[in-house]
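What follows is the residue order along each chain.
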Amino acid sequence: MTDRTPDRTPGFSTLAIHAGAQPDPTTGARATPIYQTTSFVFEDVDHAASLFALQTFGNIYTRIGNPTNAVLEERVAALEGGTAGLAVASGHAAQVIVMHCLMQPGEEFVASKKLYGGSINQFNHAFKNFGWNVVWADPDDVTSFERAITPKTKAIFIESIANPGGVITDIEAIGKIAKSAHVPLIVDNTLATPYLCRPIEYGADIVVHSLTKFLGGHGNSIGGLIVDAGTFNWSREKRYPMLSEPRPEYQGIVLHETFGNFAFAIACRVLALRDIGPALSPFNAFLILTGIETLPLRIQRHCENALAVAHWLVNHSAVAWVSYPGLPVDRYYGLARKYVPKGAGSVFTFGLKGGYDAGVKLVSNVTLFSHLANIGDTRSLIIHPASTTHRQLTDAQKTQAGAGPDVVRLSIGLEDKDDIIADLEQGLTA
Amino acid sequence: MKSIALVGISPRDNRPSYFAFKYLLERGYRMIPVNPGQAGHDILGRPVYARLADIPEPVDMVDIFRAPQYALAVVQEALALTPRPQVIWMQLGVRSDEAAALAEQHGLKVVMNRCPKIEYGRLSSEIAWMGVNTRTLSSKRAKLLPGGIQRMSLDRTTMAGGATDASTRAQRNDEKT
Chain Z
77 MTDRTPDRTP GFSTLAIHAG AQPDPTTGAR ATPIYQTTSF VFEDVDHAAS
127 LFALQTFGNI YTRIGNPTNA VLEERVAALE GGTAGLAVAS GHAAQVIVMH
177 CLMQPGEEFV ASKKLYGGSI NQFNHAFKNF GWNVVWADPD DVTSFERAIT
227 PKTKAIFIES IANPGGVITD IEAIGKIAKS AHVPLIVDNT LATPYLCRPI
277 EYGADIVVHS LTKFLGGHGN SIGGLIVDAG TFNWSREKRY PMLSEPRPEY
327 QGIVLHETFG NFAFAIACRV LALRDIGPAL SPFNAFLILT GIETLPLRIQ
377 RHCENALAVA HWLVNHSAVA WVSYPGLPVD RYYGLARKYV PKGAGSVFTF
427 GLKGGYDAGV KLVSNVTLFS HLANIGDTRS LIIHPASTTH RQLTDAQKTQ
477 AGAGPDVVRL SIGLEDKDDI IADLEQGLTA
Chain U
15 MKSIALVGIS PRDNRPSYFA FKYLLERGYR MIPVNPGQAG HDILGRPVYA
65 RLADIPEPVD MVDIFRAPQY ALAVVQEALA LTPRPQVIWM QLGVRSDEAA
115 ALAEQHGLKV VMNRCPKIEY GRLSSEIAWM GVNTRTLSSK RAKLLPGGIQ
165 RMSLDRTTMA GGATDASTRA QRNDEKT
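Protein sequences appear in the order of chains Z and U. Read in order, the letters of the first sequence correspond to residues 77 to 506 in my numbering. Read in order, the letters of the second sequence correspond to residues 15 to 191 in my numbering.
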């Protein structure tokens with residue numbers, strides 16, 4: 077047998093199409109089949125016992141693993157440069173699963189205060205019910221992360237590009253703080269996608285995604301994914317017993333010892349997903365996989381359209397300000413050049429001189445933009461946070477959350493940019 | 015590569031040495047368990063030997079499932095065999111540069127800090143069922159063996175070993191501190 081091992085890594089677009097997906101071994105089907113089944117037959121009693129004890133690779137039950145989902149897991153892990161992945165029902169589920177493997181009641185994690193509002197809610201409310209206590213830090217002052225660390229700190233959580241304001245986080249600087257504190261750095265890479273930014277290259281130990289947004293990309297499926305970078309030494313200080321101690325659930329197996337550099341992804345699957353249960357439907361995995369095949373092409377167009385719209389808005393007489401890190405005047409332009417040189421994504425905010433009423437009028441007047449609470453669709457999307465997602469807050473709270481009365485958030489789609497701009501023009505002048 | 019002596023096997027079925035042995039046995043390798051404390055007993059139907067020198071047949075590869083400080087002695091034992099094995103494999107977490115250098119001086123191939131079960135799983139794509147990045151691509155169907163086993167094959171693009179750049183870098187940094 078000849079060893080045909082080229083010592084090279086295929087490019088991003090090749091991985092986006094091929095990673096994880098071989099022709100089906102039984103039928104030869106070239107597209108990844110949708111294995112829409114709850115369960116998988118065992119060869120015999122011994123095979124079943126080996127599977128349940130994590131002693132061999134294979135499928136048991138779709139809550140724990142599924143062959144369609146497995147293709148998606150390997151695909152995203154390959155694109156991020158990680159050792160393994162785990163697909164779950166949503167981005168929020170991914171965050172619960174990750175924290176379940178890291179945190180004990182009464183412990184803390186440090187999080188950027190500039191995050192997707194849904195994550196802020198989850199950390200402030202749901203996680204506190206589990207006794208997982210968030211301590212907020214300011215990504216515009218990275219030393220605030222260092223100051224927030226205590227002996228109870230178990231992780232640091234940031235977003236690469238923060239939703240909705242177009243904040244670029246200095247991943248490498250915060251990664252160094254995590255490393256010296258011996259805690260893993262978790263990066264939500266939803267808005268950038270691995271096409272624009274690969275956080276593992278800057279020190280992330282765990283990457284989480286809402287697949288719902290640009291990875292799926294077509295606004296049709298909710299999903300989440302966890303990538304294990306394979307970089308954290310779980311056994312060093314034994315502060316992560318899910319990874320470093322014999323597990324009573326699995327006859328005393330030690331996951332880090334057994335699975336090495338992909339032990340965290342295994343812990344997420346066999347300790348957290350198995351017992352908490354937010355499994356992804358294989359049908360959703362199939363749709364998201366199809367979306368990922370065109371990720372590089374789509375993101376290029378998203379960024380090109382977003383930059384054109386941002387330039388146009390800057391010069392519009394009704395617009396007070398535009399927060400898009402792809403603009404040379406933007407405060408995050410320098411960080412954007414470092415972390416997302418191919419483009420600054422397509423989700424950003426701008427302010428209207430006419431305030432709250434002008435925002436309400438714009439979302440009512442547009443006819444191509446869809447007024448809804450999602451991002452990362454082929455379609456252009458718009459929302460006025462002050463009258464929708466953030467309406468229960470006081471004006472002061474709204475402004476602090478980046479959702480002041482004048483703020484409009486856009487997610488620029490893949491339509492012709494002239495049509496996108498024309499719709500905003502008529503919406504602003506009507 | 016057909017016969018593998020696994021030095022340091024545990025008789026306990028929750029230990030990685032036991033289930034790596036079992037996995038490779040099921041995939042057709044001639045597995046030979048070595049552990050002085052278990053000599054005279056059987057593990058998975060195979061007689062256990064106390065030392066490599068006691069094995070009454072040629073061995074192609076010696077898989078070292080012992081702490082790094084014992085690796086050199088195992089390599090010395092392996093080099094005393096006739097015929098000599100062709101490969102010294104040190105398990106995940108086992109690295110001994112001294113043992114590796116000695117084996118390589120005598121023309122043996124050496125692998126350190128890897129698991130043959132995991133590598134078989136990568137090259138058969140079986141490990142991908144667990145969401146693991148195999149770091150391989152292939153437009154060919156996996157070959158099936160009886161019992162639902164996907165056979166290892168090299169008809170694939172393989173990216174320089176199972177560990178990613180980031181995980182290799184992290185481990186080197188760990189070793190320095």
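Derived by calculation from the structure, the hints in this document are not laboratory data. Be aware that a few hints might be false.
[Stated by the list, open to error] Capping the alpha-carbon separation at 30 Å, the derived lysine-lysine pairs in BS3-like fashion look like this:
(1) 314(Z) to 189(Z)
(2) 190(U) to 230(Z)
(3) 228(Z) to 252(Z)
(4) 228(Z) to 429(Z)
(5) 437(Z) to 418(Z)
(6) 228(Z) to 314(Z)
(7) 16(U) to 123(U)
(8) 414(Z) to 493(Z)
(9) 204(Z) to 228(Z)
(10) 252(Z) to 123(U)
(11) 314(Z) to 418(Z)
(12) 314(Z) to 190(U)
(13) 252(Z) to 314(Z)
(14) 190(U) to 228(Z)
(15) 314(Z) to 255(Z)
(16) 255(Z) to 190(U)
(17) 414(Z) to 157(U)
(18) 493(Z) to 255(Z)
This structure is a prediction, so every number in the text was calculated from the model and none was measured.
Practice task
Identify every previously stated hint that the structure contradicts and give their numbers, smallest first.
Solution key: 4, 5, 10, 11, 17, 18
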